[in-house]
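Undergrad: Sequence:
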Amino acid sequence: MIGDLFAEMGSPDAGKAEVLAEGAVVLRGFALGDAPALLEAVERIAAAAPFRHLETPGGFRMSVAMTNCGDVGWVSDRRGYRYQPLDPLTGNPWPPMPPLFLGLARRAATAAGFRDFHTDVCLINRYAPAARLTLHQDKDEKGYTDPIVSVSLGLPATFLFGGLSRSDKTRRVRLEHGDVTVWGGPSRLAFHGVAPLGEGEHPATGQCRINLTFRRRCRFISLCRGLGPLHPVRFRAVRGERARSDKNGRGFQGGLRPPWWIRNSTPAVSETRFPPVSTPGPARRCGGGSA
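For the sequence shown, numbering that gives the first Met the number 0 assigns the number 0 to the initial residue and increments by one for each residue that follows.
Just so you know, the hints here were simulated from the structure itself, not pulled from any lab data.
No experiment lies behind these values; they were computed from the predicted model shown.
Every residue gets a Cβ at the ideal spot worked out from N, C-alpha and C, and that includes glycine.
Some hints here could point you the wrong way.
Label pairs and their computed distance ranges (CB to CB) [said to hold, decoys possible]: (1) Glu198 / Arg81: 12 to 22 Å; (2) Pro185 / Thr157: 17 to 27 Å; (3) Ser164 / Pro92: 19 to 29 Å; (4) Thr109 / Arg78: 29 to 39 Å; (5) Glu42 / Gly199: 33 to 43 Å; (6) Ser62 / Asp167: 30 to 40 Å; (7) Glu54 / Gly192: 10 to 20 Å; (8) Pro87 / Lys138: 13 to 23 Å; (9) Leu85 / Arg171: 35 to 45 Å; (10) Asp12 / Pro49: 29 to 39 Å; (11) Asp12 / Leu88: 33 to 43 Å; (12) Glu198 / Asp115: 35 to 45 Å.
With the hints as constraints, model all of the structure from the sequences given.
TA: Have a look at this one:
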């Protein structure tokens with residue numbers, strides 16, 4: 000009966016973990032139980048910080064609509080990619096991160112082998128049919144010791160996961176409603192993207208897909224707030240000294256150099272099963288925000 004419920008709500012493999020690479024895993028159906036509340040929270044966030052299509056530094060309009068919540072938000076325009084504390088559309092601070100988001104991100108990171116993950120920013124992406132995300136690396140954070148946690152809601156998507164070089168072979172992974180993908184450690188800077196979304200209708204989101212991407216902009220939050228969004232400074236994490244050369248910060252350019260016990264550790268990823276989930280709430284439709 001539980002297996003039928005999983006198959007109806009999301010992936011038939013819900014409750015399992017699919018390893019993509021060292022430090023990268025898909026937790027099948029991990030967010031199914033929280034999905035209705037997550038979508039309700041997204042609606043509240045979008046009411047305060049509407050969805051919008053950002054412009055790339057090259058002047059192109061992104062096909063994915065997005066917004067943010069948390070201490071800062073990720074933005075893009077002709078000046079480049081960056082984090083900033085105020086929503087450029089409204090001039091207000093980004094909506095605070097809901098406790099539900101914080102708890103889910105931390106549980107998923109722990110299940111993937113990354114303990115003590117404290118996210119401070121959530122990028123919320125809305126995919127309409129044909130929207131896509133080209134291959135890229137997440138490199139705007141001040142340090143790469145923390146993983147990326149990505150939650151899929153609504154229409155299924157094809158996740159593209161490659162290596163540390165854009166030319167590396169890319170794996171195509173189907174993501175269903177409720178799946179959570181986590182990558183960090185040796186895979187933290189892996190190239191990744193999303194293939195053009197196919198047409199469809201999902202009972203929870205209608206004709207779109209919602210993605211929640213949790214990141215940690217800076218391990219030392221008070222220090223990062225003092226640095227500001229556009230002027231990263233490299234420090235030693237243990238003594239607070241500036242790193243003496245690029246070699247000292249290799250793998251953590253523009254960020255905080257972690258202690259040796261973090262640098263030399265590799266998270267363990269193994270197959271995990273999760274407890275049964277509750278049934279979803281009423282359907283949520285996309286397209287309510289500004290685009």
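Undergrad: Each of the hints needs a verdict: does it hold here or not?
TA: We went through each hint and held it up to the structure:
no.	hint	in the structure
1	Glu198 / Arg81: 12 to 22 Å	34 Å, violated
2	Pro185 / Thr157: 17 to 27 Å	23 Å, holds
3	Ser164 / Pro92: 19 to 29 Å	37 Å, violated
4	Thr109 / Arg78: 29 to 39 Å	36 Å, holds
5	Glu42 / Gly199: 33 to 43 Å	20 Å, violated
6	Ser62 / Asp167: 30 to 40 Å	24 Å, violated
7	Glu54 / Gly192: 10 to 20 Å	18 Å, holds
8	Pro87 / Lys138: 13 to 23 Å	21 Å, holds
9	Leu85 / Arg171: 35 to 45 Å	37 Å, holds
10	Asp12 / Pro49: 29 to 39 Å	35 Å, holds
11	Asp12 / Leu88: 33 to 43 Å	39 Å, holds
12	Glu198 / Asp115: 35 to 45 Å	41 Å, holds
In terms of the numbered hints stated before, the structure departs from hints 1, 3, 5 and 6, listed from lowest to highest.
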